[in-house]
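For reference, the chains in residue letters:
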Amino acid sequence: MSHSKHHEQEPSSNRLVASMAIAGFISGVIIIAIYLMTFDTIKENKARELRQAVFKVLPDVSYMQKLRFENNTLVIVTADGMDDDMIFAGYDKQGKFIGYAIQGKGAGFQDTIHVLFGYLSSTKNMTGMEILDSRETPGLGDKIFKDMHFVAEFINHPMLQDIKAVKKGTKSHDYEIDAITGATISSKAVVRIMNKAFNTWSGKLAAQGQEPIFELPTQTQGK
Amino acid sequence: MATDVTAYEEMIKGLWRDNPVFVQVLGMCPMLAVTNSAINAVVMGLATFFVLVGSSFLVSSFKQWIPKQVRISLYIIIIATFVTVVDYSLLALVPAIHKELGAFIPLIVANCMILGRQEAFASKHTIKYAVMDAVGMSGGFMIALLALGSVREILGVGALFGVDLFGPHFEPWVIMILPPGGFLTLGLLLLFFNWFSERRKQFLAKVAQADQNASIAGVKDNG
Chain S
1 MSHSKHHEQE
11 PSSNRLVASM
21 AIAGFISGVI
31 IIAIYLMTFD
41 TIKENKAREL
51 RQAVFKVLPD
61 VSYMQKLRFE
71 NNTLVIVTAD
81 GMDDDMIFAG
91 YDKQGKFIGY
101 AIQGKGAGFQ
111 DTIHVLFGYL
121 SSTKNMTGME
131 ILDSRETPGL
141 GDKIFKDMHF
151 VAEFINHPML
161 QDIKAVKKGT
171 KSHDYEIDAI
181 TGATISSKAV
191 VRIMNKAFNT
201 WSGKLAAQGQ
211 EPIFELPTQT
221 QGK
Chain E
1001 MATDVTAYEE
1011 MIKGLWRDNP
1021 VFVQVLGMCP
1031 MLAVTNSAIN
1041 AVVMGLATFF
1051 VLVGSSFLVS
1061 SFKQWIPKQV
1071 RISLYIIIIA
1081 TFVTVVDYSL
1091 LALVPAIHKE
1101 LGAFIPLIVA
1111 NCMILGRQEA
1121 FASKHTIKYA
1131 VMDAVGMSGG
1141 FMIALLALGS
1151 VREILGVGAL
1161 FGVDLFGPHF
1171 EPWVIMILPP
1181 GGFLTLGLLL
1191 LFFNWFSERR
1201 KQFLAKVAQA
1211 DQNASIAGVK
1221 DNG
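In order, the protein sequences belong to chains S and E.
Using the working numbering, the first residue of the first sequence is number 1, and each one after it goes up by one.
Using the working numbering, the first residue of the second sequence is number 1001, and each one after it goes up by one.
Please keep in mind that the hints were generated in silico from the structure rather than gathered at the bench.
Glycine included, each C-beta is placed from N, C-alpha and C at the ideal position.
Incorrect hints may appear among the rest.
[To be verified] The calculated DSS-like cross-link candidates involving lysine-lysine, where the alpha carbons are at most 30 Å apart (straight line), are:
| # | chain 1 | residue 1 | chain 2 | residue 2 |
| --- | --- | --- | --- | --- |
| 1 | E | Lys1206 | S | Lys46 |
| 2 | E | Lys1099 | S | Lys168 |
| 3 | E | Lys1099 | S | Lys164 |
| 4 | S | Lys56 | E | Lys1099 |
| 5 | S | Lys43 | E | Lys1068 |
| 6 | S | Lys146 | E | Lys1099 |
| 7 | E | Lys1099 | S | Lys196 |
| 8 | E | Lys1099 | S | Lys188 |
| 9 | E | Lys1124 | S | Lys105 |
[As the list claims (entries may be wrong)] Between beta-carbon pairs, the in silico distance windows are:
| # | chain 1 | residue 1 | chain 2 | residue 2 | range |
| --- | --- | --- | --- | --- | --- |
| 10 | E | Gly1162 | S | Ile155 | 46 to 52 Å |
| 11 | S | Asp174 | E | Gly1167 | 34 to 40 Å |
| 12 | S | Lys164 | E | Leu1191 | 42 to 48 Å |
| 13 | E | Pro1172 | S | Gly106 | 46 to 52 Å |
| 14 | S | Ala21 | E | Ala1096 | 37 to 43 Å |
| 15 | S | Leu160 | E | Pro1172 | 51 to 57 Å |
| 16 | S | Ala152 | E | Leu1191 | 40 to 46 Å |
| 17 | E | Phe1192 | S | Leu160 | 55 to 61 Å |
| 18 | S | Asp133 | E | Lys1068 | 39 to 45 Å |
| 19 | S | Asp174 | E | Pro1179 | 33 to 39 Å |
[Stated by the list, open to error] Below, a sample of chain E positions facing chain S; criterion: calculated Cβ distance under 7 Å:
| # | residue |
| --- | --- |
| 20 | Pro1067 |
| 21 | Gln1069 |
| 22 | Leu1074 |
| 23 | Ile1077 |
| 24 | Thr1081 |
| 25 | Thr1084 |
| 26 | Val1085 |
| 27 | Tyr1088 |
| 28 | Leu1091 |
| 29 | Ala1092 |
| 30 | Pro1095 |
| 31 | Ala1096 |
| 32 | Val1207 |
Pulled out of the complex, with its shape left as it was, chain S reads as follows (with noise of 0.2 Å):
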C-alpha cells in the first residue's frame, strides 16, 4: 500500500459541482442541439401522418382542410400546423365536400391514446379510424391498430347512440362492436374516446348542406 495514495487529497465540494456543471451543460447544449435539428423533421413526420390518417378514414377525399370551432361557428384554419382543437374536412377532387375527420384524445392502458375517425354527416355512419398515438403493451394493447378485424368495426358504423365494446362473439346490436381478446382494456379506451370526442363534436358541425367551402388552392394538400 503505498501512502502518498492513501494521503491524496479529497477534491474540493468547488471542484465536485464544477465538474457536474459542465457536464450538465455540455449535455444540455448537445440535447438542445440535436431537439433543434430534429423538430422540423419531426414535426413534419406527425402532420404527414395526420394528413395520411385523414385520407385513410375518409374515402374517396383528395383534399382537406382544418377547421376549428370558434364564435359558435366552424372557421378554416389556414396557418401551418396543427393541434388538439382541430378536426378535419375533406373534399373531393371537385371540392365537394364528404366529410368531417375528427381526432380524440385520452387515457389507454399505459399511456394517452390519440386517435382520428372519420364521420360522414349526410349518413350519420363512422367511416374507419386510424390511432395516432398511443404506448399500448406491444403484443396485446396495441392490436388496437395491429388488429385488422378490431379497425375495420369502424368502418360504416352507425354513430345514433354511444358505441359500446363488448366481449367478442357477443356483439348483438348495431351499436355495439367486439372488444379485442387479451386487450380488453385497451379497445374499451378506444371506443370510450371516441365516444367522447364525438359527443363533443356532433352539436358544432355544421348543418347539413353548410359545411365549409373548401378554399381551392391555398390548401392543395393532395396526396
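Since the structure of chain S is already known, use the hints to place chain E on it.
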C-alpha cells in the same frame, strides 16, 4: 502486433465468452421487453450500440478529469445525453419503429450493462480498448436480442422480419410474443448456452487428458 491482438480480444470477448446477456445476465429489461419481433431487436441493438460506444469513448477520454466521488452521476449524464440524441434521431428518421419501441428507447439510460461497462472497463482503459470493448459488448447484446427476437417472432407470429414463413395454416403461438414468452425463451437460451459451455469445457478437459496420456505413453516408448 501484440497490442492489436489484445484489442481484438477485448472486442471478441463480448460476443461470446463474456456475452452481456447470456453470461453476465445484464440488460434484462430491454431484453425481455422489445424482443417480440426481429426488427425491434435490431433497432434496439443499434441504439444500444451507439449509446455504449459513444459513452465508453467519452468516459475513457475524460477519465483523468472525472472525480471518483461523482463518477456515477457523470456517467449517467453522458449516457442520458447519448440516449436523448438516439431518441430524437429515431423519432425523426424512423417514426414507425420509434412508435413500436415506445418507452424503451429512453429506458436505455437505465440499462445496467451500459453503466456497468463504464464503471468496470472504460474508466480504467485507454480509448482504443474502451471502444473495442464497447463494440464487442453491444455486438454481443445485439446477438442476444436478435436470437430472442427471431425465436419469438417465428413462433409467436409465424414470420421473420415481417416476412410470413408458414402460410395461412400456421396457428401463431401467441404467448411467445407476450411477456411470459420472453421469459421462457430467455430461460431456454440460457440453458442452452450454459449446457454448451459446460460441454465445451468437458471436451477441452478430455482433449487435454488425452494429450497428457499420449505424451506419457510417448515418454514410455522412448524409454
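Exercise. Output the numbers, in ascending order, of every earlier hint that fails for this structure.
Key: 1, 5, 9, 10, 13, 15, 31, 32
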